[in-house]
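Student: Hints are included, so try docking the two chains, each in its own frame, into the full complex.
Protein chains in written order, with the UniProt record's numbering: chain A, 1 to 122; chain B, 1 to 195.
Everything labelled a hint here was simulated from the structure, so no lab data went into it.
No experiment lies behind these values; they were computed from the predicted model shown.
Fair warning: there could be bad hints in the mix.
[Said to hold, decoys possible] A few chain A residues that face chain B, going by a derived Cβ cut-off under 10 Å, partial list only:
1. 76
2. 91
3. 94
[To be verified] Which chain A residues stay away from chain B? Per the calculated CB distances, all over 12 Å, these:
4. 2
5. 10
6. 16
7. 29
8. 44
9. 59
10. 84
11. 106
12. 109
13. 110
14. 115
15. 117
16. 118
[As the list claims (entries may be wrong)] Calculated lysine to aspartate or glutamate pairs in the DMTMM-like style (CA-CA distance at most 25 Å, straight line):
17. A:120 <-> A:94
18. A:20 <-> A:39
19. B:93 <-> A:47
20. B:22 <-> B:50
21. B:22 <-> A:38
22. B:55 <-> A:38
23. B:55 <-> A:94
All residues carry an ideal CB built from backbone N, CA and C; glycine is no exception.
One letter stands for each residue in the lines below.
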Amino acid sequence: MSLGILIVSHVADITVGVQKLISQTAAQVPVTVAGGTDDGGVGTSVDKIQQAVAANKADELLAFYDLGSAKMNLEMAQEFSNKPIYLYDVALIEGAYTAAALLQAGVERSEIEKQLRPLKIK
Amino acid sequence: MALTLENTLNWLHGFDQVIEAKKAYLSQLDTPIGDGDHGNNLARGAAAIEAALEKNKPTDLTAALKTIAMALVSKVGGASGALYGTAFLEMAKTSQKTQALPDLLAAGLAGIQKRGSATTGEKTMVDVWAPVVTAAQAGELDQAVVDQAVQATKEMQATKGRASYVGEKSVGHLDPGAVSSGYLFTELLKTGVDK
Ligand SMILES: Nc1ncnc2c1ncn2[C@@H]1O[C@H](COP(=O)(O)OP(=O)(O)OP(=O)(O)O)[C@@H](O)[C@H]1O
Ligand SMILES: [Mg+2]
Numbered sequence: 001m002s003l004g005i006l007i008v009s010h011v012a013d014i015t016v017g018v019q020k021l022i023s024q025t026a027a028q029v030p031v032t033v034a035g036g037t038d039d040g041g042v043g044t045s046v047d048k049i050q051q052a053v054a055a056n057k058a059d060e061l062l063a064f065y066d067l068g069s070a071k072m073n074l075e076m077a078q079e080f081s082n083k084p085i086y087l088y089d090v091a092l093i094e095g096a097y098t099a100a101a102l103l104q105a106g107v108e109r110s111e112i113e114k115q116l117r118p119l120k121i122k
Numbered sequence: 001m002a003l004t005l006e007n008t009l010n011w012l013h014g015f016d017q018v019i020e021a022k023k024a025y026l027s028q029l030d031t032p033i034g035d036g037d038h039g040n041n042l043a044r045g046a047a048a049i050e051a052a053l054e055k056n057k058p059t060d061l062t063a064a065l066k067t068i069a070m071a072l073v074s075k076v077g078g079a080s081g082a083l084y085g086t087a088f089l090e091m092a093k094t095s096q097k098t099q100a101l102p103d104l105l106a107a108g109l110a111g112i113q114k115r116g117s118a119t120t121g122e123k124t125m126v127d128v129w130a131p132v133v134t135a136a137q138a139g140e141l142d143q144a145v146v147d148q149a150v151q152a153t154k155e156m157q158a159t160k161g162r163a164s165y166v167g168e169k170s171v172g173h174l175d176p177g178a179v180s181s182g183y184l185f186t187e188l189l190k191t192g193v194d195k
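For reference, chain B alone in the conformation it holds in the complex (with noise of 0.2 Å):
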């Protein structure tokens, strides 16, 4: 279970595709407890990678990972851009040291932790992401995972971001960037990368 330069390109070359299908999807499920804009960030965001990607070339997973994270950071304007981006720069950061899935993962997570200082119960990404760091660090990683956290996300109430301030109200609906991390997630599995 190793990130490469070439099965990340892949990886983010399907997210991209799939955030742009889902985009009037994701922002629909942000309607009811955000501000209805997390498709169209992240459609930006997938915008965004896939230029910086053809005018960059990376070479190496370091700068492939580097890569997508700025255009993240500087292109999403949503809460997700500074989340999503930090992940990638400290996944970028451990790549210097290790290409093992497992720990990217997990230092990924920490980075979204460090950012917005969410830790699971809240409602958020968070929700999906411990878990399958979790399952990767056990080596059981599979969709099964990813689906039940998703799902899991919407009986929850929010105590993070913009679905915190509808209290009760947050509960019986998904949570926006839990899908989107779904997502990213069900790519990074049809990579083969588990195998």
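If we strip away everything but chain A, and leave its shape as in the complex, we get (with noise of 0.2 Å):
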């Protein structure tokens, strides 16, 4: 079983910024992001998340997002999936390159989501 990471925000700039930014330190976690609407406004969309969780290859995911619909369209894709997807109420960037560093390493999900705790702002 191999874990993956999914990053959400109602700016695909930002989905991009982050994967680069962890891909540096993480360069064989799988990453797939879902930034924005589908006509490239800002907000979020379930199909698009729904999209980043099946390109992932990864069979479950950690998720990480920013603001108020992001984490609720990532609950409708959650239910709509049958990959397990984990949401972490942390800091977006940091919450993202812990999992990822963590994930590098070899650390599995329950010592990951111990050092996430402290990240915890939603």
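Tutor: Right under this line is the structure:
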């Protein structure tokens, strides 16, 4: 069973930026992203999130997100998906970076979750 | 007081028209306490509902509610899409057991609260849905109930959604989602379903 990372933000550039940042330290960790609405605006899209879930080659996903509807749409995608998706109410950049660095080092989910706890902000 | 395929289609056609007509106003309400997109978000949803109902031509209430829900979920792109979408999805599920309006609206409210975990007094659409459900259950749903609930959000301080980020500054403004929910229930009453 493999673990990957899913990034959801209101802005596509933010997701790409976070992906760039974490890929530098965690090149082997599968990271897929969903940013903005279907027509390229600011917001979040269930369809885009579902595509990012399907495109991620890991069996289980650790998901990081920014504001309001990002979480709601992630939870909808989670309900529609067969792949287990774990949501973390932590700071997006710090949380995703922490998880990616630990995954790269072969740390398991329960330990990663322990390290994410102090980053909880929502 | 029961929803049928026919009154539900009338209801949503009415709502879609009002949203299109009021989209600038709804986005304007969302500007001081949000990101100024509520009207545009919902207008995308309204257009998607019209297109989906035209294409799929639902033949029963459950199918209609589901079609409406999926259009909202996939096209709105903001919190209100997930919230209204979940409301209609839960109404669709409940409609397999009953068509009674109070039960369906209660299922919708439960969906909104499951999705957004807001309670009353947090300056969201829940502040309109909750009193509407209570009134419908008591057989006392009328326009005054809807209008009062919408107006009451003005003096509340937001603790959920985008508006919560401006804290005390959210006081003195109507909540955009409460206003659009007010339109939803106004259009519902216009179908005569409460008679
Ligand atoms: N957690 C919540 N529970 C209930 N209603 C909410 C919640 N969050 C937001 N809302 C409602 O949604 C309305 C805003 O909808 P809108 O379409 O503008 O989405 P948004 O807040 O811009 O979305 P996003 O989270 O993507 O920024 C608010 O006026 C409020 O009524
Ligand atoms: Mg908004």
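Student: Each of the hints needs a verdict: does it hold here or not?
Tutor: Outcome of the hint check:
1. A distance limit of 10 Å between C-beta atoms decides the matter here; for residue 76 (chain A) the minimum to chain B is near 6 Å, and the interface restraint holds.
2. The criterion of a C-beta within 10 Å of any C-beta in chain B is not met by residue 91 (chain A), whose closest approach is roughly 15 Å, and the hint is violated.
3. Checking residue 94 (chain A) against chain B: minimum C-beta separation of about 19 Å lies over 10 Å; hint violated.
4. The beta carbon of residue 2 (chain A) is kept farther than 12 Å from every beta carbon of chain B, the shortest such distance being approximately 29 Å.
5. Its beta-carbon lying about 9 Å from the closest one in chain B, residue 10 (chain A) breaks the requirement of being farther than 12 Å from that chain.
6. Residue placement check: residue 16 (chain A) keeps its beta carbon more than 12 Å from all beta carbons of chain B (closest about 18 Å).
7. For residue 29 (chain A), the condition that its CB be more than 12 Å from all CB atoms of chain B holds, with the nearest at approximately 28 Å.
8. A Cβ of chain B approaches the Cβ of residue 44 (chain A) within 12 Å, the least distance being about 7 Å, so the stated non-interface status is violated.
9. For residue 59 (chain A), the non-interface assignment is confirmed: its Cβ lies about 26 Å from the closest Cβ of chain B, beyond the 12 Å cut-off.
10. The non-interface label for residue 84 (chain A) is consistent with chain B: the shortest C-beta to C-beta separation is roughly 20 Å, beyond 12 Å.
11. Residue-level check passed: residue 106 (chain A) sits 35 Å from the nearest beta carbon of chain B, beyond 12 Å.
12. No beta-carbon of chain B is positioned within 12 Å of the beta-carbon of residue 109 (chain A); the least distance is around 24 Å.
13. For residue 110 (chain A), the shortest C-beta to C-beta distance to chain B comes to about 25 Å, beyond the 12 Å cut-off, and the non-interface label holds.
14. For residue 115 (chain A), the shortest C-beta to C-beta distance to chain B comes to about 25 Å, beyond the 12 Å cut-off, and the non-interface label holds.
15. Distance check on residue 117 (chain A): its Cβ is at least 20 Å (rounded) from any Cβ of chain B, clearing the 12 Å threshold; non-interface status holds.
16. With a least CB separation of 22 Å from chain B, residue 118 (chain A) remains clear of the 12 Å interface cut-off, as annotated.
17. As the CA atoms of residue 120 (chain A) and residue 94 (chain A) are separated by approximately 10 Å, the hinted pair is consistent with the 25 Å bound.
18. Distance check on the hinted pair: residue 20 (chain A) and residue 39 (chain A) sit about 23 Å apart at the alpha-carbon level, within 25 Å; holds.
19. Restraint check: the Cα-Cα separation between residue 93 (chain B) and residue 47 (chain A) comes to about 21 Å, which is no more than 25 Å; the hinted pair holds.
20. Only pairs whose Cα atoms come within 25 Å are accepted, and residue 22 (chain B) paired with residue 50 (chain B) is accepted, the gap being roughly 17 Å.
21. Among the hinted pairs, residue 22 (chain B) with residue 38 (chain A) is consistent with the structure: their alpha-carbon atoms are about 23 Å apart, no more than 25 Å.
22. Annotation: proposed proximity of residue 55 (chain B) to residue 38 (chain A) holds, straight-line Cα distance about 20 Å (limit 25 Å).
23. Only pairs whose Cα atoms come within 25 Å are accepted, and residue 55 (chain B) paired with residue 94 (chain A) is rejected, the gap being roughly 45 Å.
Checked against the numbered hints given earlier, this structure breaks hints 2, 3, 5, 8 and 23; the rest are met.
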